[in-house]
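Undergrad: In order, the protein sequences belong to chains A and B.
Residues 0 to 469, numbered by numbering that gives the first Met the number 0, are exactly what the first sequence covers, in order.
Residues 0 to 455, numbered by numbering that gives the first Met the number 0, are exactly what the second sequence covers, in order.
Derived by calculation from the structure, the hints in this document are not laboratory data.
Owing to the predicted nature of the structure, the values given are computational and were not obtained by experimental measurement.
Watch out, some of these pointers could steer you wrong.
As the list claims (entries may be wrong) - Covered stretches of chain A, as calculated for chain B (at least 3 residues, CB under 8 Å): (1) 65-76; (2) 130-143; (3) 183-190; (4) 278-286; (5) 384-392; (6) 440-454.
A virtual CB, placed ideally from N, CA and C, is assigned to each residue, including glycine.
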Amino acid sequence: MTFFTNDVTLLVITILFGIMAYKLARGRIETSVAIAGVKPHSLVHYYGVYAALWTLVPALILSLIWAFAADPLILNTAEARLRIAYPSLPASFLDLKMAQLQNVAAGFIDAPDDIMAIEAEKLRASMDRVDFARVLTLLSVMMIGFLFSFNRLKPQLKARVAYEGFLRRSFFAAAVLAILTTIGIISSLLFEAYRFFSEISMIDFFFGTHWSPMVSLREGVEGAEDEAVAGSSGSFGMVPVMLGTLLVAIIAMLVAVPIGLFSAIYTADFASSKVRNVIKPMLEVLAGIPTVVYGFFAALTAAPFFRDAGLLVGLDVSSQSALAAGGVMGIMIIPFISSLSDDVITAVPQSLRDGALGLGSTRAETMLRVVLPAAFPGLVGAFLLAISRAVGETMIVVMAAGVAANLTINPLEAVTTVTVQIVMLLTGDNEFDSVKTLSAFALGITLFIVTLCLNIAALHVSRKLGQRYE
Amino acid sequence: MCRANWGSDMNNRSDNTLSSMGVTNLYSATTDTRMAHIEAGLKKRRAASRRLRLYGVAAILTAIGFLCILLTTIISNGYTALQQTEIAVAIEVPANEILDDNGLIDKEKSRNYNWGGLVKRSFRKEFPEVTGMLDQRSLGELLSANAGYDLRIQIEKTGSVESGTNIYWVKASDDVDMLMKGRMDRTIDEKMRRIKDNQLVWFDKIVADGSIRLAFNSTFFTAADSREPESAGVLGAIVGSAMALIVTVMLALPLAVMAAVYLEYFAPPGRLTDFIEVNVNNLAAVPSIVFGLLGLAVFLGFFGMPRSAPLVGGMVLALMTLPTIIIATRASIRAVPTSIRDAALGLGASPMQTALDHVLPLAAPGILTGTIIGIAQALGETAPLIMIGMVAFIVDVPASFTDPATALPVQIFIWSDSAERAFYERSSLAIMALLLFLISMNLTAVLLRRKFEKKW
Numbered sequence: 000m001t002f003f004t005n006d007v008t009l010l011v012i013t014i015l016f017g018i019m020a021y022k023l024a025r026g027r028i029e030t031s032v033a034i035a036g037v038k039p040h041s042l043v044h045y046y047g048v049y050a051a052l053w054t055l056v057p058a059l060i061l062s063l064i065w066a067f068a069a070d071p072l073i074l075n076t077a078e079a080r081l082r083i084a085y086p087s088l089p090a091s092f093l094d095l096k097m098a099q100l101q102n103v104a105a106g107f108i109d110a111p112d113d114i115m116a117i118e119a120e121k122l123r124a125s126m127d128r129v130d131f132a133r134v135l136t137l138l139s140v141m142m143i144g145f146l147f148s149f150n151r152l153k154p155q156l157k158a159r160v161a162y163e164g165f166l167r168r169s170f171f172a173a174a175v176l177a178i179l180t181t182i183g184i185i186s187s188l189l190f191e192a193y194r195f196f197s198e199i200s201m202i203d204f205f206f207g208t209h210w211s212p213m214v215s216l217r218e219g220v221e222g223a224e225d226e227a228v229a230g231s232s233g234s235f236g237m238v239p240v241m242l243g244t245l246l247v248a249i250i251a252m253l254v255a256v257p258i259g260l261f262s263a264i265y266t267a268d269f270a271s272s273k274v275r276n277v278i279k280p281m282l283e284v285l286a287g288i289p290t291v292v293y294g295f296f297a298a299l300t301a302a303p304f305f306r307d308a309g310l311l312v313g314l315d316v317s318s319q320s321a322l323a324a325g326g327v328m329g330i331m332i333i334p335f336i337s338s339l340s341d342d343v344i345t346a347v348p349q350s351l352r353d354g355a356l357g358l359g360s361t362r363a364e365t366m367l368r369v370v371l372p373a374a375f376p377g378l379v380g381a382f383l384l385a386i387s388r389a390v391g392e393t394m395i396v397v398m399a400a401g402v403a404a405n406l407t408i409n410p411l412e413a414v415t416t417v418t419v420q421i422v423m424l425l426t427g428d429n430e431f432d433s434v435k436t437l438s439a440f441a442l443g444i445t446l447f448i449v450t451l452c453l454n455i456a457a458l459h460v461s462r463k464l465g466q467r468y469e
Numbered sequence: 000m001c002r003a004n005w006g007s008d009m010n011n012r013s014d015n016t017l018s019s020m021g022v023t024n025l026y027s028a029t030t031d032t033r034m035a036h037i038e039a040g041l042k043k044r045r046a047a048s049r050r051l052r053l054y055g056v057a058a059i060l061t062a063i064g065f066l067c068i069l070l071t072t073i074i075s076n077g078y079t080a081l082q083q084t085e086i087a088v089a090i091e092v093p094a095n096e097i098l099d100d101n102g103l104i105d106k107e108k109s110r111n112y113n114w115g116g117l118v119k120r121s122f123r124k125e126f127p128e129v130t131g132m133l134d135q136r137s138l139g140e141l142l143s144a145n146a147g148y149d150l151r152i153q154i155e156k157t158g159s160v161e162s163g164t165n166i167y168w169v170k171a172s173d174d175v176d177m178l179m180k181g182r183m184d185r186t187i188d189e190k191m192r193r194i195k196d197n198q199l200v201w202f203d204k205i206v207a208d209g210s211i212r213l214a215f216n217s218t219f220f221t222a223a224d225s226r227e228p229e230s231a232g233v234l235g236a237i238v239g240s241a242m243a244l245i246v247t248v249m250l251a252l253p254l255a256v257m258a259a260v261y262l263e264y265f266a267p268p269g270r271l272t273d274f275i276e277v278n279v280n281n282l283a284a285v286p287s288i289v290f291g292l293l294g295l296a297v298f299l300g301f302f303g304m305p306r307s308a309p310l311v312g313g314m315v316l317a318l319m320t321l322p323t324i325i326i327a328t329r330a331s332i333r334a335v336p337t338s339i340r341d342a343a344l345g346l347g348a349s350p351m352q353t354a355l356d357h358v359l360p361l362a363a364p365g366i367l368t369g370t371i372i373g374i375a376q377a378l379g380e381t382a383p384l385i386m387i388g389m390v391a392f393i394v395d396v397p398a399s400f401t402d403p404a405t406a407l408p409v410q411i412f413i414w415s416d417s418a419e420r421a422f423y424e425r426s427s428l429a430i431m432a433l434l435l436f437l438i439s440m441n442l443t444a445v446l447l448r449r450k451f452e453k454k455w
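Working from the sequences, and respecting the hints, build out all of it.
TA: Next comes the structure, spelled out in C-alpha cells:
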C-alpha cells in the first residue's frame, strides 16, 4: 500500500511539475514580449507546452526504463547472495527460496529462519534505497529538463515547430509499433522454436505421423542419466495435428460457404434495401458472439446431439467429434463469408449487371453467369480468409475437439488441432523450458506462417478483381 | 443453351421489323415455333431465378435459425441459475461462544468457531431417525459445504445473536439445487445418480415440510470463483475483465489514433509506409492465440511481468485490437471532407494543427465507434488470456492491476469444463451476462453513429 501511495504522490508531483513548467514558460514569454515588443514566432501557449514537454518526456522515458531494469537487477543481486547463503541448494530450490524471500520482504509471510530474515531485510533495504534513488533521479531529470528549456525560451524560438516535430515523431513511433509487433511475434516464436528444433529434428516434426508430447517414449532408450530428455519428451510428429486442423476447417467451410454465399447473393442483388437493413445486422449478431460461447454450444449441445443422432442410425460418433466442432465453427464463419462476399458482389460494376439484364437475361442468369464470374477472385479471397480464420480459431476446438492426435479423416472421430495442442501444452504445470512447452511455440510459428500465407494469398487474389475493372 | 435463346430472340425482332416494312419474310413459318420455344424456355428460366432467390432466403433463415437455437439453448439453460435452493434449518447459536463481554459479536471468536459443525448438528436434529455415521454424512451432504460460512456471514451482518432456536436459511448443495430445479432425473439407476435413494427420501420430507425454497442467487453477482457451484460468482471475473479493458483502451486508443493520423497525413509515400500498412492489415488477421504466445514469450518471459495479471492481459488485448482501431480511425478520418482540411490549411494552420484541431474532432464519433467495437471484440476474447495464465482458479476479487485475476469469457471456459451440472447452468448465466455487455456496447456504438453521423 505504501508503494502505491508513493507512486500516486509521485504522479501528482509530476503533473504539478508539468503545469508549473507550462505556466512559468508562458509567463516568461508573455512578459518578454510585453517588454521587448517583438512578435513571438509561435502562439504563446506553444512555449508553455514546449517547456512542459522538456520537463516531462525525458522523465517519463527514464521511469519506464527504470521500471523494467531495476527490479531484475535487485533480484539478481539478492539471488547471488542467496546462493552464497545456501551453497548446497540445487537451482530449482533456489527459485523457490527466491520467491519465498520476496514474499518475506513484502511482509506477506514470516521468515522461516534467521538467514532468510537477514536476507529479506537486506532485500527490503536495497529496494527502499533504489526506490528513493528513483524518485530523486526523476525529480532531478525533470528539473534539468525544465531549466534547459526555460533557458532557451525567447520570442524567436520556433516552439510550435519543435512541438509539432515531437508529435510527428511520436506518431511515427506509434505507427512503427505495428511493425514491432510483427517482429516481436516472429522473433519470439522463432527463438523458442529454434530451441525446440535443436532437440527435435525438423524432419521428425513436420513429417512425423505420431504426436504424443505428454507420453515419454524414449525412457530407457536414452538412459536415466539424461534426465531432461527422458523425462520430458514424447514424440513430436505434427502430421496428425495438421490433418485434424484441416479436417475441422474443411467441415467448417462446407457449412459456411453455401450458407454464407447464398445469403450474400440474396442480400446483394435480390433483397430490397429494407429487408437488407434487417438481415445484415442479424447476421452481424452471429459475428459478434464470442468464440467461447460457440465453444460452449459445441461441447455441451452440438456434440451430444451428434452422438445421439449417430446412435439412432447405428453410427458410433465420438463425443468430441470433428463434426460437432467443425459444424459449429462453420456457423461462426457464416457472417464472415456473407459480409465479405456481399462486399465483393456489390463491388462488381453496375454496368455489367445492366448489360446482362438489358440483353434479356433473368436476374439469376445475370448473377450466375455475369456477376459471380466477375466477382470470382474476390470470392476466392474471402474463402481463403475464412479458412485462415478457421485454422486459427481456438476456443471452439479447445472446448469441443479432442486432445489425442488421431491420424484420421473420419469426421465422426475425435481429432485434435494445432490451437488445441498449443493451449494444452502451455496451460499445464510444465516447466517453461521443457521440450513440451517449446513444441507449442514450434506449432505457433507453423500456425502463424500458414495463416500469413493464406492472408497474403487472399489479398493477392482479390486485388485482381480491383485491377480488372479499374 | 440460354445464350442461343438470346441470339434467336434478337433475330426475331429484326425479322419483325423487316416484315412490317413490306419485305417478304422468308422465315415467318419458323418464327412462330421459335417464339413458342422461347416462351417455354422463359418459364424454366424464371423458375431458376425463383429457385436462386429461394436458396438465398433459405440460407439466411438457416443462419438466423442457428442464432435462435444458440440463444434459446443458452437462455433456457441459464435463467435458472438466477435462483438458488435454500433449506431452512432450526439453529440455536451458542451466544457465549461468539459474543464478547459487551454482547457484541467478537470477530476473532466468530472466525474460530466451527459454524459448519453447528449447521450440520442442527440439521441432523431435524432427522432423529437418521443414525449411523454414513447416513448422517450423506444427510449432511444435502447442505452446501459452505453452509457454515454462509451462516457466519448472515449472523455477523445482523451484529448480534438472538437467543433460543431460530430458523436460518442456508444454501443447499448443488445436487439438491439441481434436483429442486428439475434438472436431475430421479428415475435413473441409483448408481448413476448423484443423489442417492435415501437422500431422495429426506429431500422429499424437506419439501413436504415446506422448509426448502428457491431464493434469488445474489452470490452469483457478489462473489468470485469457488469450488462449490452454489458459492461461485462472476464478480471477480467481471472486475478482471473491466481492469484488462481499461488497460486496453488506455493503450490502444491513443496509439491507434496517433498511428492513423500519421498514416493518413504525415506518412511520406514509400517502402516504409507501405510496409507499415501491410503490417497493420496483416495483424488484423493474425489468430488471437498468436498474440497470446507473444504475450507469454515477451511480456512474461522476457520482461518478467506477473502471470495472470489484468495488466498483462490488457496489454496483449491492446496489441490485438490496435489494428482494428487503426483501420476504423483511418476510415473516419478519410470520411471528413477535404474541404475542411483545405480551408484550415488555406487560413494558415499548420498540417499538425489542421489534423488535431479540425479533422480529428470531426472524426471523433467514428473513432469512438470503432474503439467500442474493438473493445467489444477484446471483451469476448479468451485464447490470449489463457496463454498468459488468466485461467487460474482465483477466489478473490482482484484489487489491483497486478493481482492474479480471470476474465469473464475465461470464467465461462473454466466452468463449462467442470463436471458439476450446476456449473453448466452458471456458465450459461455468465454467457448471458457477457452477451448483455456486448449488446449494450454495440448498441452504444450504433446510437453514437446515428447521433453524430454527418452526411457531407
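Undergrad: Tell me, which hint numbers fail for this structure?
TA: Violated hint: only 2; rest satisfied.
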